[in-house]
Amino acid sequence: MATQLLRPLGPLRLLRRSPGPAADVPLRAASHGTSLLYPEHIPTSPLQKALLAVGSAGMALYNPYRHDMVAVLGETTGHRALKVLRDQMKKDPEGAKILQERPRISLSTLDLGQLQSLPEGSLGREYLRFLDVNRVSPDTRAPTRFVDDEELAYVIQRYREVHDMLHTLLGMPTNMLGEIVVKWFEAVQTGLPMCILGALLGPVRLSAQNLQVLVSELIPWAVQNGRRAPCVLNLYYEQRWEQPLTSLREELGITDPPYPPLMS
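For the sequence shown, our numbering gives the first residue as 108, with consecutive numbering after it.
Keep in mind that a hint or two might mislead.
Listed below are the simulated EDC-like cross-link pairs for lysine to aspartate or glutamate, each with C-alpha atoms no more than 20 Å apart in a straight line [as the list claims (entries may be wrong)]: (1) K204 to E258; (2) K197 to E258; (3) K204 to E268; (4) K156 to E258; (5) K198 to E258; (6) K190 to D255; (7) K190 to E258; (8) K204 to D194; (9) K190 to E257.
Restraint ranges, calculated between C-beta atoms of paired labels, are given here [to be verified]: (10) E201 to T353: 12 to 22 Å; (11) R312 to R187: 24 to 34 Å; (12) E358 to A203: 10 to 20 Å.
Hints in this document: simulated from the structure, not taken from any laboratory. For glycine and all other residues, C-beta sits at the position ideal for the given N, C-alpha and C.
Please construct the entire structure, taking both the sequences and the accompanying hints into account.
Laid out in structure tokens, this is it:
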């Protein structure tokens, strides 16, 4: 984990602090008179970031399900891409509102009863179905630690917390093939090096059959949809729960995925 990577670098005591703040707490500056910019922030030098990036990349490639290592890689390599995403959000009315209000997605902020009561086919109902079918929880997203800009730290936190929303929008499960397809979409949408690396190297673990389908059908579909759709970070999903998923897909220009049986 990140503690092992930072052991020779010094700020180990910061990694041993208590778990991150509750997800319903906005990601804003939380300390006064210190160098910490937000809860869980760990200031690091360029050299430390480089070492963290190399170490986390190796661990993430060895085990793609090490989400903690994927998170560290994203934070230590994504500064330029995050600035571009932040600027895109500021230029969009809905995105600017998100930056101002700092919504968070977790079990403590979601009204599961309200989502369950929504009509079949609505975004909220389908998102809840995705969580249930794939046995995943929004609380598994790691807190941001290594981004030395409070606003950019929120941008990457928001990206993590809407990741499952993208699975829902694209109709992709959480198996290896589904994750790679989403990574291709995210790579085009965000330009984050972490997403690009995952999209390019993830396929080495696929079977020959799934690799053929991925290359011939699913990658072109994901890239086309990623280019056509507006920035998905500009969607205030929490205010769109009642919108039919088909309507939202049409709004974004997202088409149905090919070969849905292979996605089960």
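For this session: Could you tell me which of the numbered hints above are not met by this structure, giving the numbers in increasing order?
Result: none
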